[in-house]
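Asks: Chains as they are written, first to last, in the working numbering: chain E, 345 to 746; chain Z, 419 to 1285.
Hints listed in this document are in silico derivations from the structure and should not be mistaken for laboratory results. Hints may contain errors.
[Said to hold, decoys possible] Partner residues aside, some chain Z positions facing chain E, computed with beta carbon under 8 angstroms:
id : residue
1  : K647
2  : Q652
3  : P661
4  : P664
5  : S666
6  : P668
7  : N669
8  : I699
9  : S702
10 : L735
11 : K737
12 : N739
13 : N777
14 : R1251
[Unchecked claim] Not close to chain Z: a few residues of chain E, all C-beta gaps over 10 angstroms, as computed:
id : residue
15 : F413
16 : Y414
17 : V429
18 : Y438
19 : C467
20 : H647
[Claimed, not checked] Calculated lysine-lysine pairs in the PhoX-like style (CA-CA distance at most 25 angstroms, straight line):
id : chain 1 : residue 1 : chain 2 : residue 2
21 : E       : K372      : E       : K393
22 : E       : K707      : Z       : K773
23 : Z       : K828      : E       : K610
24 : E       : K431      : Z       : K997
Note that CB positions come from ideal geometry on N, CA and C, so glycine has one too.
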Amino acid sequence: AHVSLLQCTYQNTMDKNFQEEPCTGVIKFTPPLYKQRYQFVKDLVRKYKPKKVADLGCADCTLLWMLKFYNCIEVLAGLDICASVMKEKMHRLYPLPADYLQPSERSLTVTLHHGSVAHEDPCMLGFDLVTCIELIEHLEESELEKFPEVVFGFMAPTMVVISTPNSEFNPLLPGVTVFRHQDHKFEWDRAQFQSWALDAAKRYGYSVEFTGVGNPPTGMEDVGFCTQIAVFVKKYPQTSEPAQSKKPTEAAYKTVMFCMFLHVVKVFRAVYPSLKDEKYLQNAVVSEVMFTAHAIKRSLLDHLVSEQEDSNDDPTERKLQLQRSVNCFSEDLETLAVEKSTEPLTNGSVVYIPLRKIFSFPKVNQLCGTFEKLRKLITGKVTLTSDGSAVVLDTDHENEEN
Amino acid sequence: MTGRARARARGRPPGQETAVPSVGAASAQQSFSSHPSGHRQPQQQSLPPTLSEEFSGRGRQRVPQTVPKPRGLQISAGFQELSLADRGGRRRDFHDLGVNTRQAIEHVRESKTGSSGIMIKLIANYFRLTSRPQWALYQYHIGYNPEMEARRLRSALLFQHEELIGKTHAFDGSILFLPKKLGNKVTEVFSKTRNGEDVKITITLTNELPPSSPTCLQFYNIIFRRLLKMMNLQQIGRNYYNPNDPVSIPNHRLMVWPGFTSSILQYEESIMLCADVSHKILRSETVLDFMYSLYYQVEEQRFRDACAKELIGLIILTKYNNRTYRVDDIDWDANPQCTFRRADGSEISYVDYYKRQYNQEITDLNQPVLISQSRRKRGSMILGPVVLIPELCYLTGLTEKMRNDFNMMKDLAIHTRLPPERRQCEIGRLIDYIQKDDGVQKELRDWGLSFDSNLLSFTGRVVQAEKILQAGKVFDYNPQFADWSRETRVAPLISAKPLDNWLLIYTRRNYDTANTLLQNLFKVTPSMGIRMNKATMIEVDDRTEAYLRVLQQSITPDTNIAVCILSSSRKDKYDAIKKYLCTDCPIPSQCVIARTLSKPQTTLAIATKIALQMNCKMGGELWSVEIPLRQVMVVGIDCYHDTLAGKQSIAGFVASLNQTMTRWFSRCVVQSRGQELVDGLKACLQTALRDWFKWNKYLPSRIIVYRDGVGDGQLHTLVNYEVPQFLDCLKTVGKDYNPKLTVIVVKKRVNTRFFAQSGGGLKNPPPGTVVDVEVTRPEWYDFFIVSQAVRNGCVAPTHYNVIYDTNKLKPDHVQRLTYKLCHMYYNWSGVIRVPAPCQYAHKLAFLVGQSIHREPNLLLSDRLYYL
């Protein structure tokens, strides 16, 4: 098993080899080739908006880390044969403080698994997009043999992206004698890759298109891209939602039970805070309601004070006036007024801010959707009038002497 | 602002300011500093994008793989970075390790403990780290033949031999730490790369480290950080926080994350983990949100100033990664559409960059950008300023305005100010986490380490309470409260300055207030022994110029003091008055906000306080404690770092002038960026000695300096630079003058907390508690004193570190003197946290830094005019 450890060293180090001086006339990719590959995947994600994405051979999780910023993605999974490389930077996949400060609309779960792509595991089910970036050339013959069955047959995602070196390009790369990297088991030319891909596509009901990144220099166009890429799309997408990874069929569970415990081990899981989660939604709504209510209260009190300030400079007189304006509603009239009006009003040391008014604020509105939802979410968390129509706040709090 | 300046003058220690770009630093550095006012060309290309593209960031910083490391030389460099800069950030020795001052102070080499007082059972927030008997950490050097460069490959090859090495290891690419000793000193093993190349790996034992070696301490901290990460705590800045149950304070859009600050160090008897509760204040609004809400609050023309005032100096957190930055400037000429040059030389706008890199939409294209002067280094290169987009940054911490918001601080205190039992309980939770988490336990077990599950308990001493002496009378008070305001309320003062000729300036609206104050002063002054005439009452318009004009016209050489009643806490009026009366026209002044005087039930108490304060400002003396030491001059130094105007630092210097320590000489140093503080301090010391001589007709034979305002990691500079300069300075005073000198570093911000066991529960230790065992450091002559009493929350002890001492006083005497000096701050009839000269120095530096911005007139230097 230790030999395969080396597989992980691949992704980052390889491209460094390509950074040759431009003056020597040798090839230099800008942006670097590995970035172009990532960009290719990112563009696909932007275009097709998959919800569930798995990266096989995720190495140090750089691609996963890039993908977590895409709002369409709700499930991200990575698989690699080398746990230590995955662990090295996996902390980047944890939610950030900012994710807690303003939880996002979408939900996101990121998981990492340690295991081989040659094994079927239910945790790998139900994906919309599976990426295998510079992976297959690291596979042993036996692994490569099982690979199509695992990815296309078992996982059966809507879309699969596979990239691998194009050996026809190798003569243009200085210092490359056999393979571009010592851990490569093979490097294919375009014909070899395409026949392998077409074969797999045919067998598992996918259509496939070929492209690549790393343009050949002018005059050498016939060697093709430095990295060749195949994009597979399932021909007959399931009419229903793709199989849920959470609920694989009973049969699938049974058949793979054995493999699961032996070969694929979960090493990481992070659930991002999301407004889809009632707890976070409630927190967000309560915070927003309280903030809005306080803002309304402040402007109401400021308004009252400044009105008085204009008419009179004497503080004691002012206080009286404030009191008067506040008390102009008689007790029983007031409840009526609160119900009817959407305007806040004060009574003695208390301010009533109608929920309707608060609901009219875009942020609150957006968070709750409906007025009923708003009321439901804040009940018990915010002090309301007995009929639940207004938020009650104290006024005296504001002017305390320090 | 009745002179009750906020104790918040804490900026960054001056050492941090010295990020002077070296020659050849990025051109941006220059173009930046040449526009200190924040006006810069809109074209941003000169700013190198420290929006780092390789960003791997938070993880371990790595030596670039392409550069082969010099063999042997930097044995543990990689690990050093790990421990001190785990986030890939700057490297600083926050714990002042390796500054060994005690060995040079002969009389405390054997013992540095005091003796007086009664014993008290204490608990501290420390846990012993225990290792199994004969524990050692084994350090190996790993060599490869042929040379392998990639660190990852190196570890992959090495760990092919896990059966030899074991599962527990820490490896940085060339140094390997193991909890066990391998059979041979040199072990050679062979690994095969996948294409069949044979690599010879030589594992050489280079060191067998005892548990207390510095490398081990670093190592413990690394392991501990690993543990905190395993426990899913989020690192923000230096500490770790739990994001899962935050406390939210919605009306201020604040979130408080509970967390821990921790460090493992060698203390007096053993290696311990010091853990304290820490609270991170985060705000669920972006800088842009904040700017918008500010925009609606202030007038258009004041908006930029207001932004600068509120934002500069704040720490912000980026949305897209876990980095914190300090806002140093706001660039109003730039916007997100400006471009910068990427590492590969291409130009890209901020909008595109963030879209491409982090899929972050910037919606407001007209927002300014924030500038943060990076103090990070990559290798030896100092990175240029970092440009940040307000929309993508969250605010953390509190603004000055929030700190002044009494209600908000009250809301916050409920969550952050924990009483002793709660605090102990929260700290206990950290150890609980550690004990309960299987992964953590396994890791610890594998290394052969474990933490005590109980807090450290030991014995401290409570020294006797000081009697307050005031004009021949002796006052006892309840030492638990450390306050004698009640006892001394109507007693005559040691020295009362008459109010023969004084001004009382007020606006029309405050006419009544002014009169009431006058009446009340007439009521309270006679018993103090202050002779008072009716003030010259002057009514002014409520404008700054009006106040200044009146002052110019009415002040005569006979004027004792000018009292101004201000109608609001607007700072500009206060600043202008103080500036004028401290520099151009040096007379004592007292500003009072009208509102302070408006509550009928407190007016008399407030008048008393104002009378005392005015008396001090005019050179009067209030009380004293018994000071047995003769011919001693006590000096206090503290710094204020002005983050806003020109980045200057101000050091306050206050020295006693008499035996009873009731009169003080005060001066300050205004030092602009890059200047050495100590040059100014030397000048202060010289003038102080000259004044002392004038007062006493001889020079002091002992000088004791209490040096406050020293940041973490700056002790080294102080010991090696500042103290020698003081000594030099003393030599220049006179040929035969050879006073003894003691320098004591005063530190208020420590994570140490003490709890006193009482009955079944815990409470704060009483004022006068001295601790000089267990939690002190063996290489220092240091001690803790709890001098003040607090009403809620946990009391914070003050740490004193004697770094130089030729006075050869007994430790007990130094402790007692220090405690006595905490009784001598005239703005508070009680015991304070630091020796009075430090607090005076702080007050002075704060006033100058906040309001005056230049050195006050020396004619005032023998009075506490800044109280």
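Asks: Hint check: is the beta carbon of P668/Z less than 8 angstroms from a beta carbon of chain E?
Replies: 3 angstroms, holds
Asks: Can we keep the S666/Z interface hint, with Cβ of chain E closer than 8 angstroms?
Replies: 5 angstroms, holds
Asks: Does S702/Z pass the interface hint, meaning its C-beta sits closer than 8 angstroms to a C-beta of chain E?
Replies: 5 angstroms, holds
Asks: Closest CB-CB distance from V429/E to chain Z, is it above 10 angstroms?
Replies: Nearest chain Z Cβ is 7 angstroms from V429/E, so the label is violated.
Asks: Would the non-interface assignment of Y414/E survive a Cβ cutoff of 10 angstroms against chain Z?
Replies: Check fails; 5 angstroms does not lie beyond 10 angstroms.
Asks: Tell me if the straight-line CA distance from K431/E to K997/Z falls inside 25 angstroms.
Replies: 59 angstroms, violated
Asks: Go through the hint on P664/Z and say holds or violated, using the shortest Cβ distance to chain E against 8 angstroms.
Replies: P664/Z check passes; min Cβ-Cβ to chain E is 7 angstroms, inside 8 angstroms.
Asks: Hint check: K372/E vs K393/E, CA-CA at most 25 angstroms. Holds or violated?
Replies: The given pair, whose Cα atoms are some 32 angstroms apart, is violated under the 25 angstroms limit.
Asks: Would you settle whether the hint for K737/Z is holds or violated, based on the nearest Cβ-Cβ distance to chain E being less than 8 angstroms?
Replies: OK, holds: K737/Z within 8 angstroms of chain E, min 4 angstroms.
Asks: Would you assess whether H647/E, listed as outside the interface, keeps its beta-carbon beyond 10 angstroms of every beta-carbon in chain Z?
Replies: Its Cβ never comes within 10 angstroms of chain Z, the nearest being 14 angstroms, so this holds.
Asks: N739/Z was flagged as interface toward chain E. Is the shortest Cβ-Cβ separation under 8 angstroms?
Replies: OK, holds: N739/Z within 8 angstroms of chain E, min 7 angstroms.
Asks: Grab the minimum beta-carbon distance between Y438/E and chain Z and tell me whether it stays above 10 angstroms.
Replies: Violated: least Cβ distance 7 angstroms, not greater than 10 angstroms.
Going down the numbered hints, you'll see the structure goes against 8, 14, 15, 16, 17, 18, 21, 23, 24, while the others check out.
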